[in-house]
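This is what each chain is made of:
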Amino acid sequence: MTWQVSVDRVVCLGSGMCAALAPELFTLDDDYATPVTPDIEPNEVALDAADQCPAQAITVLENETVIGPRP
Amino acid sequence: MTVAYPFNEIGSLDLHEAYREAQGKPGMLRVQLPHGEPAWLATRYADARLVLGDKRFSRAVAADHDEPRMQAGRLTGGILSMDPPGHTRLRTLVAKAFTVRRVEELRPRARHIAEDLLAEMVAGGPPADLVDKFALPLPVAVICELLGVPVADRSKFREWSDNVLSTSRLTAEEYQASREELRDYMRGLIATHREAPADDLMSALIDARDSADRLTELELIDLCVGILVAGHETTASQIPNFIVTLMDHPKAMTQLREDPDLIPGAVEELMRFVPLAAGASFPRYALEDVQVGDVLVQAGEPVIVAVGAANRDAVRFDDANDLHIDRPPAQHLGFGHGVHHCLGAALARMELQEALRTLLLGLPNLHTAGDIQWKTEMLVRGPVAMPVGW
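Sequence lines, in order, name chains A and B. The first sequence begins at 1081 in the numbering used here and counts up by one. The second sequence begins at 702 in the numbering used here and counts up by one.
Just so you know, these hints were derived from the structure itself, not from any lab. Since the model is a prediction, treat every value here as computed from it, not as a measurement. The beta-carbon is built from N, C-alpha and C at its ideal position, and this holds for glycine as well. A few of these clues could be false.
What the hints assert, rightly or not - Listed below are the simulated DMTMM-like cross-link pairs for lysine to aspartate or glutamate, each with C-alpha atoms no more than 20 Å apart in a straight line:
| hint | chain 1 | residue 1 | chain 2 | residue 2 |
| --- | --- | --- | --- | --- |
| 1 | B | K756 | A | E1124 |
| 2 | B | K756 | A | D1131 |
| 3 | B | K797 | A | D1131 |
Unchecked claim - Residues from chain B shown here face chain A by an in silico Cβ test under 7 Å; the list is partial:
| hint | residue |
| --- | --- |
| 4 | P785 |
| 5 | A796 |
| 6 | H1038 |
Next up, chain A with everything else stripped away, as it sits in the complex (with noise of 0.2 Å):
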């Protein structure tokens, strides 16, 4: 089982908070956030940030579906 995590850099504000949060899922190149892979194991922290994400830019995909942000 893996999840998918991508991030909408059209509405991505560069807070820092998914890559302060969780370096080891998100880096900040320049401006914008990325994922440092598409494709990572189950992993609560992606979540987190998710929720956090003062943008709603980050979306997480278990099996096409979307898990996060949570409802």
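Starting from the structure of chain A, add chain B where the hints point.
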């Protein structure tokens, strides 16, 4: 050599020359705040972003040190004194109320409040105090409705809230006493909401505590207090600060009146340009040795970040010391950076946009009508009173 800090002078919104000098020299300055141990001062954009956004720097361990600070009293507890994962747990509970999407739903209401306040101010005739009649009541009304605090209590919580952000007026004991009064006030509101839940953030947080045990009672109280204080003081300061700045830049002011679509971009540029903080505070402690530019910050040493200076770093921004309201999006640090990036950034943006829109379009002849009285002992800078005519 250690230099006395803060640099910025009372009674203006200028960025002190000492910051530019520091940016021109290698390394970081050693500074001594009015209270606590000496600290490194980060003034460059790259250094600021590293210190604010790197897990090797901690807010929480400040509690174990004589934290460099402006006040005699210490602001312990609260979300800004925590690191992940505790910080994440609390922030997740409130983040949903402050997303861009949720905030956009509040925009019509904020616009309505702004227009009502303007109409009342105009009805009273000039001159009027822009702070008392508009800049303060707008964010107070918005945060009160969102959180579930009666707007009518404004005069009650205003003094306690001022005290939390005050730098010199109070002794450590008075500071603690004032904080406890504000906590007691919030305890009372929480009790009322527990009995009769409403469609507001306080009720949602009470539910998170009572049905899911996701936070302690004191965390609940301090979270509500933090949201109330942080939710209005900064915005209430930036509204008149932005107007003062635009009065110094009449061309920009005219441009915004002719093309209000420029307002959102102008708010970003004003957030970059106006150094709101009286000085850098809330030190980050290195958990291990960390290279910051030319300096190897040793484990256990604190660094304070001068966001206002970093936002004017010529290495990062072209014409850094000029206001360009049509500057391309530029990731300023006005809302901070990293895990403590302002929780209410989207709300503040929206309120500032609506405030500028209402004032600039509603009062085509807005001008000062007397001397501005400036805050003298607060963590943030801005007018206490600003007489205006129109």
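Checked hints:
Simply put, K756 of chain B and E1124 of chain A have alpha-carbon atoms about 18 Å apart, close enough for the 20 Å limit, and the pair holds. Simply put, K756 of chain B and D1131 of chain A have alpha-carbon atoms about 19 Å apart, close enough for the 20 Å limit, and the pair holds. Note on K797 of chain B and D1131 of chain A: the hinted pairing holds, with a Cα-Cα distance of about 7 Å set against a maximum of 20 Å. With a least beta-carbon distance of about 6 Å to chain A, the hint placing P785 of chain B at the interface is held under the 7 Å criterion.
Checking A796 of chain B against chain A by beta carbon gives a least distance of about 5 Å; that is within 7 Å, so the hint holds. The interface hint given for H1038 of chain B holds, since its Cβ lies 4 Å from the closest Cβ of chain A, which is under the 7 Å cut-off.
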